[in-house]
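Given only the sequences and the hints, what does the whole structure look like? Please build it.
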Amino acid sequence: MFSSLSGQYIDIPGSDTGNTVYEHALEMLESARQAMDAAGSTQTVAQGKLTLSVPKAVGRFVIHPLMLEFFSRYPKIDVCLRLEDRVLDFIDDGIDLALRITHTPSPGLHGKPLMPVSHVICATPGYLVQYGRPRTPQDLREHSCISLGETPADSRWKFRRDGKTETIQTHGRYAANHTAVRLDAVKQNLGIGSLPLFTAREALECGDIVQVLPEWEFISSYSGQLWLLWSGNKHMPARIRAMIDYLSEKMRPASDSIATARRSKTTE
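My numbering puts the first residue of the sequence shown at 833, with every later residue one more than the last.
Please keep in mind that the hints were generated in silico from the structure rather than gathered at the bench. Since no wrong hints were added, every one of them can be taken at face value.
Estimated spans, in silico, between C-beta atoms of each pair:
no.	residue 1	residue 2	range
1	ARG1084	GLU982	28 to 36 Å
2	MET899	ILE923	24 to 32 Å
3	ASP1077	GLY1056	19 to 27 Å
4	LEU941	GLY880	16 to 24 Å
Virtual Cβ for every residue (Gly too), placed ideally from N, Cα, C.
Below is the structure:
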C-alpha cells in the first residue's frame, strides 16, 4: 500500500487492515487540510496556490482565456491548471476545485452549474459549396465526417427533431480525440466535424465555419452541464472563494443564444 502522508510504500498484512489504515490516513490528511484551510479562511487577502482540475477542451477554450483578468484582480493567487479528461481525486491529487461535465455531480461534493455543454456539427462555407450542404441526417453518409474516434459509437451520430430520433453511421478519413484538432481539421476543409459549442463558438461567430443541420439537435454522450465542484469542508480559503466568485461572474448560466443566432443565419 502507498501512504499519501509519508510518500512511502508500507506493508500492512491483510486487506481489511490495510484498507482501514488507508482510510484513516486519508481522514488525517483531510483533517490537516481543513485546519490549514480554516487558517486561510481568516485571511482578508486572497493568496496562495490554487489547483484547478479541468477537462482539456474546457481548459483550453473556456478557462485559460479568463486567467489574464483573474491574475490582474488577484495578484497574490497562483493557479495550477490540471488539464486532464480523467476525474482526479480532491484529496489524493491535491485538487482545490474541479470543473466537470456531468448531469449529476458526485455525492459529497458541493458545486454550482456554470453553463450548458452542447455539441454541434460544422463545416466551412467552402466545403459546403464544393460538396453540397446536407439537408437531412441521411445525407451525411455521402460526406467525410470528423468524429472523436475513441470508440465505434463516436462515428454513430444521433439527431433529434420534433420527437423523432435518427442515428446515422458516418464515415471519414480523419478522427481525433482533441476538440482543437477537430476544429482545425474542419477549418482545413477536411470534412464535417462534431464539436462542443464552446469550442466552435468563436469560429461560428466570425463565419469561418457554419452549423450543419441546424434544425436538428445533435445528441452527444459528452453533453450536460459544466459544474464547478469543491469538497465539503467547512472552512473555505479566500483564494478558493475568489475563483468560485470569478468563474460564476464570467460564466453565468445562459441559453445557447449564439447557436440560435447561427442557426437562423445558416437557414437563410
